[in-house]
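A.B. asks: Spelled out from the first residue to the last, the chains are:
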Amino acid sequence: MLLLTLAKRNLWRNKKRTSITLLLIACSVAAMMMTHGLIEGTKTSMVHSATRLFPGDAQVHLNDYHVSRDTQLRFNYPKIVHYLQQQPEVASITARIYERAMISSASNALNIQMVAVDPQQEANVSKLAQAIIKGHMLSGNHDNSTEILIGSKLAEKLEVKLGDRLVLSAAKLLEEGSEIAQGLFRVSGIVQFNAQQMDKNWVYIPLAKAQTMLGMEHQAHELAFNIDPNAFPTHLSQDDFLALAFWKNVNDAVHQINPNVNVRNWPELLPELNAMLSMTDTSLFITGLILFIIAMLGMVNTLFMSIYERMWEFAVIKAIGNTPGEIFLMIITEGLLLALWGIVFGILLGSLGNAWIAHVGIDYSNMEFSGAAIVEPIRSEFHTVQYVHVPIISLLLILISCLYPARFASKIIPARALHKSL
Amino acid sequence: MKETVIETRHLNRFFGEGETLVKALNDVSLTIQKGEFTALVGPSGSGKSTLLHLMGGLDEPTDGEILLDNTNISQMSETQLSQFRRDHIGFIFQAYNLIPVLSVEENIEYIMLLQGISSHERKKRTHDILEKVGLEGKQNRLPSQLSGGQQQRVAVARAMVSQPRIILADEPTANLDSQTGSDLIALMRQLNQEQGMTFVFSTHDTKIMEQADRLVHLEDGAIVEDEVK
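The listed protein sequences correspond, in order, to chains A and B. Using the numbering used here, read the first sequence as starting at 142 and increasing by one per residue. Using the numbering used here, read the second sequence as starting at 141 and increasing by one per residue.
Incorrect hints may have been included.
[Stated by the list, open to error] Calculated Cβ distances over 10 Å to all of chain B for the following chain A residues:
#1 THR183
#2 ALA232
#3 LEU478
[Said to hold, decoys possible] Quick list of simulated restraints, FRET-style, between CB atoms:
#4 A:LEU430 / B:SER169: 20 to 28 Å
#5 B:THR144 / A:ILE534: 52 to 60 Å
#6 B:PRO240 / A:LEU493: 33 to 41 Å
#7 B:THR144 / A:ILE554: 24 to 32 Å
#8 A:ASN155 / B:ASP366: 41 to 49 Å
#9 B:PRO183 / A:ILE534: 34 to 42 Å
#10 A:LYS149 / B:GLU157: 49 to 57 Å
#11 B:GLN285 / A:LYS149: 13 to 21 Å
#12 B:GLN285 / A:LEU493: 35 to 43 Å
#13 A:TYR449 / B:ASP317: 54 to 62 Å
[Claimed, not checked] Computed cross-link-like contacts, DSS-like style, restricted to lysine-lysine with a CA-CA straight-line distance of at most 27 Å:
#14 B:LYS174 / B:LYS369
#15 A:LYS275 / A:LYS313
#16 A:LYS220 / A:LYS389
#17 B:LYS278 / A:LYS149
#18 B:LYS163 / A:LYS552
#19 A:LYS268 / A:LYS220
#20 A:LYS149 / A:LYS552
#21 B:LYS263 / A:LYS149
#22 A:LYS298 / A:LYS268
Rather than coming from a laboratory, the hints here were simulated on the basis of the structure. Built from N, CA and C at the ideal position, the CB exists for glycine as well.
With the sequences and hints as input, model every part of the structure.
C.D. replies: Laid out in structure tokens, this is it:
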């Protein structure tokens, strides 16, 4: 009790210095909380942008199609779709065909990536419909449809606009070889994802049309599906997401339908994004370390200044009977109080800052991170880490920074300190 | 038979080394008996304060022994020394005696808190000692709200309240005007006579010398005269 009283009163002897140190600790804690909140928000936004833009939370492929992109790796999908639709965790699912093709306009001919989608299902999985900047979404999944969506940059290269005609030529696989399949299309929409590859190279046609053109009845190269956001706890780490029993169960079930078909979730499909998120964690650690070191140095400085100012006082209290251990505890108590006040103030500041960024968001649209365009404003996220780990680590580091000044004060030799003070 | 409370044996305290070696105390042997009102006198740099600090365990001797109440404090650890001082010695310094963030009452109670004395006993003793030193009614003031003389009276009260056997005072009147200094000496002399506590001063003050039972003269770190009145 005496220690606490003394510590409190000693701290407020120099209000300006104590206030500055408190502010330093508070700002470090707040900055750490906000950095964490913003980085977690960025990660969520990146994952969300990367998965919901087009790929989906998970995909189903034959063998290693996701790596080789060998168009022969096609599979019958209706039974798998039927199974996935029955899973409560699966929110939406769509089938896709990918084929390298040649597209010709009146003025140009280019090699492109043809993507065939079921317009209705696709709208539930990806942002294709929202990415249309001119025209409209494919109106239906008809095998006689002539509608085509093309990337904005591709439209510029082909010098086409809405309603213009295009001829699409792709290889149709036959048992005895292949032949060229052609289709005449009219541009029904221009798509802009702000992802270079997609805007420059991709065209989209109805799935049924592609299946007819390429002789792929009930076949696709890919099933993409999204997970119900409420199916799993929020803010799962990538490792926890990967470890969910759901993935094993789904894979086992799909293997029973077709042993060569595999389900892969986004960390497996987008390893570069996964690596970037890990790198983000490292940069968060480094930022945190720097912030805490600054706070620790501030703390050491404050305590030393306060000790040097009170050398005679330590000499007197040691002379009248305070043990070195009690003086050590006295300084630690001062540090503890400063840390606690600073941390509480910092949590308030950090929460307000995070709430503000969560409310207004930071607009990074038009920016692309490892192939994923950020399509929504980045908003800070509140995590337990900010209210448990950050304060505890701050407190521990600040207390560690008090050890040296406390030891220094406890080792003061009264006679020398009194002599210097006089 | 007289009881020895302080004894120094061949005490040396040197500072620096080689050509800069300063012999602050050189082979000082001295005994002080219970109840004495002793003044260590001598010019500046003669070693008065150094001897007083060594007697109180506030500094370590280069060599020699210090016995307080027959206990050799030269062998004690820092913690043992602090605890010994807490229970056996009261200190009064020239200035800056009090903890500025504590009130008069809290300053006096501080040492008793360290000794683990009950709250009731602390209050009683504080009240009594404040009355003795003439500071009743000022218990809630901070040191900064007191005059220099009043601050020294609080220091005397704090030194005595734990009922130590020895009180060591390092030039306690040096920062006080003549009248306040005289009053303080009279107060300490009165307490010495009433309670039988042993007082050792280091001083230049002739008024203390006049009141002292014994004057130990030091020059260049050595005792040159030991005058018992």
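A.B. asks: If a hint holds in the structure, say so; if it does not, say that too.
C.D. replies: Consistency of the hints with the structure:
1. THR183: THR183 (chain A) is indeed farther than 10 Å from all Cβ atoms of chain B, at 47 Å.
2. ALA232: holds, 64 Å
3. LEU478: holds, 14 Å
4. A:LEU430 / B:SER169: 20 to 28 Å: Taking Cβ atoms as reference, LEU430 (chain A) and SER169 (chain B) lie about 59 Å apart, which means the hint is violated.
5. B:THR144 / A:ILE534: 52 to 60 Å: Holds: the Cβ-Cβ distance is about 58 Å, inside 52 to 60 Å.
6. B:PRO240 / A:LEU493: 33 to 41 Å: At 37 Å between Cβs, range holds.
7. B:THR144 / A:ILE554: 24 to 32 Å: holds, 27 Å
8. A:ASN155 / B:ASP366: 41 to 49 Å: holds, 47 Å
9. B:PRO183 / A:ILE534: 34 to 42 Å: violated, 58 Å
10. A:LYS149 / B:GLU157: 49 to 57 Å: violated, 44 Å
11. B:GLN285 / A:LYS149: 13 to 21 Å: holds, 20 Å
12. B:GLN285 / A:LEU493: 35 to 43 Å: holds, 41 Å
13. A:TYR449 / B:ASP317: 54 to 62 Å: violated, 31 Å
14. B:LYS174 / B:LYS369: At roughly 16 Å apart (the allowed maximum being 27 Å), LYS369 (chain B) and LYS174 (chain B) satisfy the hint.
15. A:LYS275 / A:LYS313: Not OK: LYS275 (chain A) and LYS313 (chain A) at ~31 Å, beyond 27 Å, violated.
16. A:LYS220 / A:LYS389: Status holds; Cα separation ~18 Å.
17. B:LYS278 / A:LYS149: Roughly 23 Å between the alpha carbons, so the hint for LYS278 (chain B) and LYS149 (chain A) holds.
18. B:LYS163 / A:LYS552: holds, 24 Å
19. A:LYS268 / A:LYS220: holds, 25 Å
20. A:LYS149 / A:LYS552: Between LYS149 (chain A) and LYS552 (chain A) the Cα gap is close to 22 Å, so the pair holds against 27 Å.
21. B:LYS263 / A:LYS149: holds, 23 Å
22. A:LYS298 / A:LYS268: holds, 23 Å
The earlier numbered hints that this structure contradicts are 4, 9, 10, 13 and 15.
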